[in-house]
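Trainee: Could you build the full structure based on these sequences and the hints that come with them?
As numbered in my numbering, residues 336 to 822 make up the sequence shown, in order.
Some clues are possibly wrong.
[What the hints assert, rightly or not] Computed Cβ-Cβ distance ranges for the label pairs, DEER-style: (1) A510 with V619: 28 to 36 Å; (2) G628 with L595: 17 to 25 Å; (3) G490 with G628: 35 to 43 Å; (4) A433 with V619: 28 to 36 Å; (5) Q774 with A815: 22 to 30 Å; (6) K356 with A596: 37 to 45 Å; (7) F692 with A815: 35 to 43 Å; (8) R453 with Y732: 48 to 56 Å; (9) V601 with F405: 30 to 38 Å; (10) E385 with S357: 44 to 52 Å; (11) N790 with G628: 51 to 59 Å; (12) V601 with D503: 25 to 33 Å; (13) A596 with E365: 20 to 28 Å.
Rather than coming from a laboratory, the hints here were simulated on the basis of the structure. Cβ atoms here follow ideal geometry from the backbone N, Cα and C, with glycine treated the same way.
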Amino acid sequence: MSPIRPAAVIVLAAGEGTRMKSATPKVLHELCGRSLVGHVVAACRELAPEELVVVVGHGRERVAAHLADFDAGARIAVQREQRGTAHAVRAGLDELAAHGADTSGTVLVTCGDIPMQRPATLRALAAAHTEQGNAVTVLTMELPDATGYGRVLRGAGGEVTAIVEHRDASPAQLAVREVSSGVFAFDGRLLAEALGRVGTDNSQGEEYLPDVLGILRDAGHRVGAERAADHGELAGVNNRVQLAQARRTLNDRLLEEAMLAGVTVVDPATTWLDVTVTYEPDAVVHPGTQLLGATHLAADAEVGPGCRLRDTSVGEGAVVTHTVADNARIGAGANVGPYAYLRGGTILGTGAKAGTFVEMKNSAIGEGSKVPHLSYVGDATIGDHTNIGAASVFVNYDGEQKHHTTIGSHCRTGSDNMFVAPVTVGDGVYTAAGSVITQDVPPGSLAVARSRQRNIEGWVVRERPGSAAARAADAALAAAEHKSEED
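Mentor: What follows is the structure in structure tokens.
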């Protein structure tokens with residue numbers, strides 16, 4: 336049987352989220368590389384609904400702008416006054432009707448602050464709703480502590496009779512552990528009719544969506560429930576503590592998926608993944624590592640300990656240790672770190688090296704080339720099999736503009752070199768230690784750009800008499816004179 340394709344999905348994301356104590360709208364808080372509402376929209380898209388609409392309210396400009404970037408196909412409905420969940424759903428249906436959408440089929444309603452809901456669970460809800468011929472089907476869960484959740488009340492035959500909000504529940508009703516997840520499947524036509532009959536006779540004076548269940552049941556329609564197997568995936572996020580708990584739970588899920596796909600994660604407790612990270616079998620991730628954004632690990636890549644990689648690809652067999660990288664490409668068999676910083680636009684070729692305390696930015700390093708220690712390479716192209724000496728700086732900025740440096744293949748540059756851009760160093764060049772290269776160097780040349788050394792003998796004894804340095808110099812000169820006399 337083919338999966339049920341909903342006529343529409345309505346995501347409720349209008350609430351202020353005061354318990355987050357944040358200037359950022361609650362649904363825009365991030366975990367594992369996506370906003371809360373982004374996770375929900377992505378899960379709903381897996382069902383391929385005919386229409387998807389997100390109801391926004393608090394911070395609506397920011398939420399709408401975020402959604403336009405995340406899912407341009409999602410429609411936006413504005414709930415200008417937050418008058419309850421039923422009022423929000425009506426705003427969503429009105430937006431769809433304004434665009435001529437047909438919502439007479441199955442309409443799923445979910446919340447923008449339930450980031451861990453799985454597409455499979457939503458599919459099961461839609462399937463149960465259709466197979467049972469329900470007017471409405473509520474997705475329920477059983478919680479050890481149901482504080483804050485609407486209680487699901489059932490009749491003698493197990494049918495759903497009502498959902499009572501926590502604040503309106505009696506002591507007996509509060510003892511019920513089966514609760515509404517806030518996720519529903521509706522017959523769209525019946526939903527639209529029932530919403531007009533929802534009242535505000537409750538402690539908050541709001542229009543509650545669960546009241547639709549009673550309205551439809553009283554009208555003789557069937558009300559059903561589908562209980563989720565894992566209540567953890569339906570946990571809402573209302574404060575920073577719950578946000579951290581959700582991040583830990585979702586990260587554990589992502590790590591489990593990675594390990595089952597063939598990735599070795601040495602210490603899952605200190606390893607963090609975004610949902611957009613990809614990998615191949617036999618990659619190894621060591622402790623204290625964060626893999627963020629569109630980062631990809633090829634087969635046999637080894638990352639960590641102590642790495643933070645964002646939007647970075649790591650080639651087959653590359654080793655990356657104690658490194659921060661952002662929008663970099665690390666070639667197969669390359670070696671990075673420890674304590675390297677690869678900034679945007681860095682490309683390391685096959686077998687290349689960016690060593691200890693090396694920073695690179697917007698630079699392409701050729702196959703087998705090495706920048707082993709204590710260097711800055713910015714806005715540069717380095718050919719193949721070249722070695723850059725320790726403590727080298729590519730001087731790329733004149734105070735107003737950035738300039739490019741080109742180093743050829745099979746070069747050997749000395750330690751403590753400055754390459755003042757724009758400058759080109761040809762293939763097979765050697766440069767002397769301590770040189771400041773300001774002019775192009777022809778292929779096969781030795782470039783020496785430093786002043787001649789001059790020793791002023793006796794200066795310390797004359798100018799710093801009585802100092803520790805003077806005493807040491809006197810002793811050394813006396814020892815040398817004594818040795819000369821013996822010889």
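Trainee: For each hint, tell me whether it holds in the structure or not.
Mentor: Verification of the hints:
no., hint, verdict
1, A510 with V619: 28 to 36 Å, "violated (50 Å)"
2, G628 with L595: 17 to 25 Å, "holds (22 Å)"
3, G490 with G628: 35 to 43 Å, "violated (50 Å)"
4, A433 with V619: 28 to 36 Å, "violated (53 Å)"
5, Q774 with A815: 22 to 30 Å, "violated (42 Å)"
6, K356 with A596: 37 to 45 Å, "holds (38 Å)"
7, F692 with A815: 35 to 43 Å, "holds (38 Å)"
8, R453 with Y732: 48 to 56 Å, "holds (49 Å)"
9, V601 with F405: 30 to 38 Å, "holds (33 Å)"
10, E385 with S357: 44 to 52 Å, "violated (34 Å)"
11, N790 with G628: 51 to 59 Å, "holds (55 Å)"
12, V601 with D503: 25 to 33 Å, "violated (50 Å)"
13, A596 with E365: 20 to 28 Å, "holds (24 Å)"
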